[in-house]
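J.: Residue numbers (numbering that gives the first Met the number 0), protein chains in the order written: chain G, 0 to 102; chain Z, 0 to 285.
By construction, these hints were calculated from the structure, which means they are not laboratory data.
Take these hints with a grain of salt, some might be off.
[To be verified] Below, simulated BS3-like cross-link-like pairs (lysine-lysine); rule was C-alpha separation at most 27 angstroms, straight line:
(1) Z:Lys93 to Z:Lys82
(2) G:Lys31 to Z:Lys143
(3) Z:Lys68 to G:Lys76
(4) Z:Lys218 to G:Lys76
(5) G:Lys25 to Z:Lys3
(6) G:Lys25 to Z:Lys31
(7) Z:Lys51 to Z:Lys69
(8) Z:Lys202 to G:Lys10
(9) G:Lys31 to Z:Lys41
(10) Z:Lys68 to Z:Lys51
(11) G:Lys76 to Z:Lys207
(12) Z:Lys158 to G:Lys31
(13) Z:Lys68 to G:Lys31
(14) G:Lys51 to Z:Lys131
(15) G:Lys82 to Z:Lys18
(16) G:Lys31 to Z:Lys42
(17) G:Lys31 to Z:Lys131
(18) G:Lys59 to Z:Lys207
(19) Z:Lys22 to G:Lys31
(20) Z:Lys19 to Z:Lys158
(21) G:Lys25 to Z:Lys39
(22) Z:Lys198 to G:Lys82
(23) G:Lys76 to Z:Lys202
(24) Z:Lys92 to Z:Lys69
(25) G:Lys82 to Z:Lys68
(26) G:Lys59 to Z:Lys202
(27) G:Lys51 to Z:Lys137
(28) G:Lys25 to Z:Lys137
(29) G:Lys25 to Z:Lys41
(30) G:Lys51 to Z:Lys42
[What the hints assert, rightly or not] Just so you have them, the derived chain Z footprint on chain G, three or more residues with Cβ under 8 angstroms:
(31) 32-41
(32) 44-53
[As the list claims (entries may be wrong)] So these bits of chain Z aren't anywhere near chain G, every CB distance computed over 12 angstroms:
(33) Val110
(34) Phe181
(35) Thr250
C-beta: ideal position from N, C-alpha, C; glycine also.
Residues per chain, in single letters:
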Amino acid sequence: MIEYATDETFKDMVAEGAVVVDFFGKTCGPCKEIGRVLETIEDEMPFVNIVKVDVDECPKTSDEFRVDGIPDLYFYKDGEIVKHELGAISEEELRSIIGELIY
Amino acid sequence: MKSKINSLVDYKTVEFETKKVLKHVSQDEIDKVLHQAVRKSKKSIQPETIAKGDIVTLCVKSNIERFNKKMVPVTVGNNLYSKELESQLPGMKKEEEKELVVDGETVVTKVLSITRYVFPEPTDENIRAYVKDIDEMKHITSIKELEAYLDEKSMEAQKIDARFDAIDEVIEYVLTHSDFDFDEDEIEEEFRRQMEMFKEGAKEEIGKDFDELTDEDFKVYAGADSREDMEEMVRQGIEWQIATLLWVAATQNVDSSTLSFEDEDTLDTSEIENYIESKLEFVKED
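Construct the entire structure; sequences and hints are all you get.
T.: The following block contains the structure:
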């Protein structure tokens, strides 16, 4: 399931379970590619929680994470960051990380 | 710049692969875009029996921790949970319980739910609805036009890659076959400057002083196996920077003694790049 975070909702959205966080920008080309891959993953694995954070709409959260490049992906397990991937990442690599995260 | 060129290979004499065959976009790439166009119209159904691609919830019991869960969601056949277990699921029904074998161990598996997404066949209408908010694609009115657009985009991307590859090939040949007299003091001064930047960056990113960094930190942060490996990479990078600067300056008759590392961003490489690009010949595959 893909959901969009705000600065107010972000912390609650990553507090439980396996969550993929995607910091993105609307005009960023590589972000669109990652976005497409995440949508495919949502169709294939609707039980994976995907939280999208628009860096322009969520300045507070983006500052907290010191996001200075996008796309920027964080992988959470029960509120803890277990992996961080800055920049473009292949679909295969993303699937593999998600597999480790949920199982 | 105190380093100097002893001998320089003329880049116009370097032989490289000039004929580049451009491949048509793959059906897989087209299918991915078509999928994007119809995905919002998907419907979910609850089929009687499991087929590959279905999203199922299982209750698994065994002596292996991974296969001992009251409720585990699995997409059958994407093999992220267990290729061996998933291959035994097709044909099972909801509420059915079966003893499956994984790695020689028995895994009692009960199917709690089965969901299947059904995507409509893409139509010209779907395509028009999908592209209407995408500036560079909004002119597309049919699947056929979409395929032609993707083919063109794919070939443009291949041309850009081919140009970069050819430029890299020539640069590498010139720099590795020319001879440079590197000034050790110049390298050492730049090495210290780059290491200071690295230390500051590492402190900010990882929160550790340089002396506290482990081999794992060097691997994650610098792609190096150790501190020594990272320092060697920096030194080699500096030699490469100097050689590139001296070469580009020489092609423009710029006095190398007036050069500094900052000139890396301002020296004009277009003459070299244009020459290499002019030699490339693009041919579309049949």
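J.: If a hint holds in the structure, say so; if it does not, say that too.
T.: Against the structure, the hints come out as follows:
1. Z:Lys93 to Z:Lys82: holds, 20 angstroms
2. G:Lys31 to Z:Lys143: With Cα atoms ~23 angstroms apart, Lys31 (chain G) and Lys143 (chain Z) stay inside 27 angstroms; holds.
3. Z:Lys68 to G:Lys76: The hint holds at about 17 angstroms.
4. Z:Lys218 to G:Lys76: holds, 24 angstroms
5. G:Lys25 to Z:Lys3: violated, 47 angstroms
6. G:Lys25 to Z:Lys31: With a Cα-Cα distance of about 21 angstroms, the restraint between Lys25 (chain G) and Lys31 (chain Z) holds, given a limit of 27 angstroms.
7. Z:Lys51 to Z:Lys69: holds, 22 angstroms
8. Z:Lys202 to G:Lys10: Holds, because 26 angstroms separates the two Cα atoms, which is no more than 27 angstroms.
9. G:Lys31 to Z:Lys41: At roughly 21 angstroms apart (the allowed maximum being 27 angstroms), Lys41 (chain Z) and Lys31 (chain G) satisfy the hint.
10. Z:Lys68 to Z:Lys51: Status holds; Cα separation ~21 angstroms.
11. G:Lys76 to Z:Lys207: holds, 25 angstroms
12. Z:Lys158 to G:Lys31: Judged against 27 angstroms, a Cα distance of about 22 angstroms means the pair holds.
13. Z:Lys68 to G:Lys31: Not OK: Lys68 (chain Z) and Lys31 (chain G) at ~36 angstroms, beyond 27 angstroms, violated.
14. G:Lys51 to Z:Lys131: holds, 23 angstroms
15. G:Lys82 to Z:Lys18: Judged against 27 angstroms, a Cα distance of about 42 angstroms means the pair is violated.
16. G:Lys31 to Z:Lys42: With a Cα-Cα distance of about 24 angstroms, the restraint between Lys31 (chain G) and Lys42 (chain Z) holds, given a limit of 27 angstroms.
17. G:Lys31 to Z:Lys131: Holds: Lys31 (chain G) and Lys131 (chain Z) sit about 16 angstroms apart, inside 27 angstroms.
18. G:Lys59 to Z:Lys207: Distance ~25 angstroms between Lys59 (chain G) and Lys207 (chain Z) Cα, so the pair holds.
19. Z:Lys22 to G:Lys31: Answer holds: Lys22 (chain Z) to Lys31 (chain G) is near 24 angstroms, not above 27 angstroms.
20. Z:Lys19 to Z:Lys158: holds, 8 angstroms
21. G:Lys25 to Z:Lys39: Satisfied, since the Cα-Cα distance of roughly 20 angstroms is no more than 27 angstroms.
22. Z:Lys198 to G:Lys82: With a Cα-Cα distance of about 23 angstroms, the restraint between Lys198 (chain Z) and Lys82 (chain G) holds, given a limit of 27 angstroms.
23. G:Lys76 to Z:Lys202: holds, 26 angstroms
24. Z:Lys92 to Z:Lys69: holds, 18 angstroms
25. G:Lys82 to Z:Lys68: holds, 24 angstroms
26. G:Lys59 to Z:Lys202: Given that 27 angstroms is the threshold and the Cα spacing comes to 22 angstroms, the pair holds.
27. G:Lys51 to Z:Lys137: holds, 25 angstroms
28. G:Lys25 to Z:Lys137: holds, 17 angstroms
29. G:Lys25 to Z:Lys41: The given pair, whose Cα atoms are some 25 angstroms apart, holds under the 27 angstroms limit.
30. G:Lys51 to Z:Lys42: holds, 23 angstroms
31. 32-41: holds (count 3)
32. 44-53: holds (count 3)
33. Val110: The claim stands: Val110 (chain Z) keeps its Cβ more than 12 angstroms from every Cβ of chain G (closest is about 15 angstroms).
34. Phe181: holds, 32 angstroms
35. Thr250: holds, 32 angstroms
The earlier numbered hints that this structure contradicts are 5, 13, 15.
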